[in-house]
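S.K.: Spelled out, the chains give:
Protein chains: 2
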Amino acid sequence: MIARAVAGRVQPPSTILGPGDDAAIVAAADGRIAASTDMLVHGRHFRLDWSSPVQIGRKAIAQNGADIAAMGAQCSGFLVSLGCPADTPVSVIDGINEGMWLEAAAAGSAVVGGDLVQSSDLVISITALGDLQGRAPVLRSGARVGDLIAYAGRLGWSAAGLALLLAGRVRTGHDLVLDAHRVPAPPYRAGVEAAEAGAHSLTDVSDGLCSDLGHIAVASGVGMVIDPERLVVPPELHSAATELGVDPVDWILTGGEDHALVGTFDGLGTIPQGWTVIGRVEDRDGGQARPVTVEGRIGSGRTGWTSFEST
Amino acid sequence: MIARAVAGRVQPPSTILGPGDDAAIVAAADGRIAASTDMLVHGRHFRLDWSSPVQIGRKAIAQNGADIAAMGAQCSGFLVSLGCPADTPVSVIDGINEGMWLEAAAAGSAVVGGDLVQSSDLVISITALGDLQGRAPVLRSGARVGDLIAYAGRLGWSAAGLALLLAGRVRTGHDLVLDAHRVPAPPYRAGVEAAEAGAHSLTDVSDGLCSDLGHIAVASGVGMVIDPERLVVPPELHSAATELGVDPVDWILTGGEDHALVGTFDGLGTIPQGWTVIGRVEDRDGGQARPVTVEGRIGSGRTGWTSFEST
Numbered sequence: 107m108i109a110r111a112v113a114g115r116v117q118p119p120s121t122i123l124g125p126g127d128d129a130a131i132v133a134a135a136d137g138r139i140a141a142s143t144d145m146l147v148h149g150r151h152f153r154l155d156w157s158s159p160v161q162i163g164r165k166a167i168a169q170n171g172a173d174i175a176a177m178g179a180q181c182s183g184f185l186v187s188l189g190c191p192a193d194t195p196v197s198v199i200d201g202i203n204e205g206m207w208l209e210a211a212a213a214g215s216a217v218v219g220g221d222l223v224q225s226s227d228l229v230i231s232i233t234a235l236g237d238l239q240g241r242a243p244v245l246r247s248g249a250r251v252g253d254l255i256a257y258a259g260r261l262g263w264s265a266a267g268l269a270l271l272l273a274g275r276v277r278t279g280h281d282l283v284l285d286a287h288r289v290p291a292p293p294y295r296a297g298v299e300a301a302e303a304g305a306h307s308l309t310d311v312s313d314g315l316c317s318d319l320g321h322i323a324v325a326s327g328v329g330m331v332i333d334p335e336r337l338v339v340p341p342e343l344h345s346a347a348t349e350l351g352v353d354p355v356d357w358i359l360t361g362g363e364d365h366a367l368v369g370t371f372d373g374l375g376t377i378p379q380g381w382t383v384i385g386r387v388e389d390r391d392g393g394q395a396r397p398v399t400v401e402g403r404i405g406s407g408r409t410g411w412t413s414f415e416s417t
Numbered sequence: 107m108i109a110r111a112v113a114g115r116v117q118p119p120s121t122i123l124g125p126g127d128d129a130a131i132v133a134a135a136d137g138r139i140a141a142s143t144d145m146l147v148h149g150r151h152f153r154l155d156w157s158s159p160v161q162i163g164r165k166a167i168a169q170n171g172a173d174i175a176a177m178g179a180q181c182s183g184f185l186v187s188l189g190c191p192a193d194t195p196v197s198v199i200d201g202i203n204e205g206m207w208l209e210a211a212a213a214g215s216a217v218v219g220g221d222l223v224q225s226s227d228l229v230i231s232i233t234a235l236g237d238l239q240g241r242a243p244v245l246r247s248g249a250r251v252g253d254l255i256a257y258a259g260r261l262g263w264s265a266a267g268l269a270l271l272l273a274g275r276v277r278t279g280h281d282l283v284l285d286a287h288r289v290p291a292p293p294y295r296a297g298v299e300a301a302e303a304g305a306h307s308l309t310d311v312s313d314g315l316c317s318d319l320g321h322i323a324v325a326s327g328v329g330m331v332i333d334p335e336r337l338v339v340p341p342e343l344h345s346a347a348t349e350l351g352v353d354p355v356d357w358i359l360t361g362g363e364d365h366a367l368v369g370t371f372d373g374l375g376t377i378p379q380g381w382t383v384i385g386r387v388e389d390r391d392g393g394q395a396r397p398v399t400v401e402g403r404i405g406s407g408r409t410g411w412t413s414f415e416s417t
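So the protein sequences, as listed, match chains A and B. In this text, residue positions in the first sequence follow this note's numbering: the first is 107, and each later residue adds one. In this text, residue positions in the second sequence follow this note's numbering: the first is 107, and each later residue adds one.
In case anyone wonders, no lab produced these hints; they're calculated from the structure. Note that the Cβ used here is the ideal one computed from N, Cα and C, for glycine as well. Keep in mind that a hint or two might mislead.
[Unchecked claim] What follows is a set of in silico ranges between Cβ atoms, one per label pair, in the way DEER data are often shown:
#1 A/L272 <-> B/E302: 57 to 63 Å
#2 B/E302 <-> A/L374: 49 to 55 Å
#3 A/Q239 <-> B/A273: 53 to 59 Å
#4 A/E349 <-> B/D200: 33 to 39 Å
#5 B/R110 <-> A/S247: 17 to 23 Å
#6 B/G114 <-> A/V196: 24 to 30 Å
#7 B/G380 <-> A/D389: 56 to 62 Å
#8 A/G240 <-> B/G114: 31 to 37 Å
[As the list claims (entries may be wrong)] Output of the computed footprint for chain B on chain A, the stretches with three or more beta carbons under 8 Å from beta carbons of chain B:
#9 184-191
#10 226-237
Using the sequences provided together with the hints, build the complete structure.
M.R.: Structural data, given as structure tokens:
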């Protein structure tokens, strides 16, 4: 199976030694490597009855690649471990592998090593490696009072797709939203471009905008104020929300798993193309108690986005 | 749980950024990083009724660190993902974590990042990173006719311990052998020393001496001839074998999971201290058909070590 998984695959120039020996060797030209790992479990992070094997493979890589982009780094290799029940069809393993290679290529990289074992659950564990290309990593702790908050990528799409799936509303008109849940589309390049533009802080939206901005706020000792007027609801989300009778802004504020990037930039500087400003960084001690505030929505009693208050 | 796992832990100087942000950053001073990943599943690679959580954590790190040593590299960081059933006692997670940190320290390194998720099985996935320190990696494909085969570390101990556990012979006299099964002791430094001494090929013994030497033989296009007279049976293995009525040399030739290192060295050069010569590399086309031959034992009909013939 491992031989099948790597047969005919091409490695990028940064792969000094690909799969087949005891370890892979990846270039780390500036003398540092960024590395992040995540585990995905069937029934918890993905479902074979909701997603194709290719989509599952893509999601697993995307989720990890987004962590590298969130440091302002370029993905330079993925190591993948797959635990499969004994009765897993070969086509499922092949599909997951295919999806991993597709998404690794989308991130400008490749699968450089892996392992395949038997397990009860279908379990995917990925480690993503990244190249900082000489730049300082963009940390969660770098936000400063006066910064502008901006994001790149999609917000709320995955949550909308999940809501449709849970409600059994899988009709054709919602394809884009459903696929957004099945395969996130992290804006890999936007991470590098944010770092090049001197972003002060950066993370990816895995848990939800308010929650993940809360991580930056806490790490930086600042407060985040989101202006909901700046949150544009795409027609696809509007349509899904109308069908389900919910407020799409809740998906945007609290929906996870889209792996957008969110960060803060000097309020007097230039915001890179592709980034949308949605708020500002304020002094946490000077007027607001919560790490993240959404102007005009606190206390509205809406469900789904109050959890960030405890971040 | 993740905060508990990293609280109070000290990172080595090679860790530029430890756990807590989207990715860790590890030094890769010579512009390259070695990386290897393995997944371990409860009931298949370890058992909570046979091993303590600390031992399980150590084994998981050791197995991966050995892959780095087998490239001739120094371990420079471990990323760990843990999937746990919902009813896993916190003490088990704490123990596994403690074992991981202990073994990472034994390998001269530390845990630099990780993930914790819920799963049906207890699943551990590790990625080990390594520093080649300016040396060329020692590959499986580098063995040359005329080389001497040598190993460092323990051979057959884990298999002997497993045989005792399966037979229910867990009396005190076998502590060392039983513990060898629970926690392998890869000779991490020996990998670096072999590379420094100019070893031509290197791998770790995860499947068994004959099987893993077979990987070198096939990758290098050579034949391996083991002289069984050179295989010293330690008294602990002799005692366990006598109790079970088996030949301890079979454990040495075919027992996996000790993560000894085995490689080949120039036949006219110096073999580093700590390495034991056990055979020679021959021309595969010139007289022997099998990748690995054990002198005087082929055709003896013994079980347990013939499988390498199909490598």
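S.K.: Take the hints in turn and mark each one as holding or not.
M.R.: Hints versus structure:
no.: 1; hint: A/L272 <-> B/E302: 57 to 63 Å; verdict: holds, 58 Å
no.: 2; hint: B/E302 <-> A/L374: 49 to 55 Å; verdict: holds, 53 Å
no.: 3; hint: A/Q239 <-> B/A273: 53 to 59 Å; verdict: holds, 56 Å
no.: 4; hint: A/E349 <-> B/D200: 33 to 39 Å; verdict: violated, 46 Å
no.: 5; hint: B/R110 <-> A/S247: 17 to 23 Å; verdict: holds, 21 Å
no.: 6; hint: B/G114 <-> A/V196: 24 to 30 Å; verdict: violated, 46 Å
no.: 7; hint: B/G380 <-> A/D389: 56 to 62 Å; verdict: holds, 60 Å
no.: 8; hint: A/G240 <-> B/G114: 31 to 37 Å; verdict: holds, 33 Å
no.: 9; hint: 184-191; verdict: holds (count 5)
no.: 10; hint: 226-237; verdict: holds (count 8)
The structure is inconsistent with the numbered hints 4 and 6, although it conforms to all the rest.
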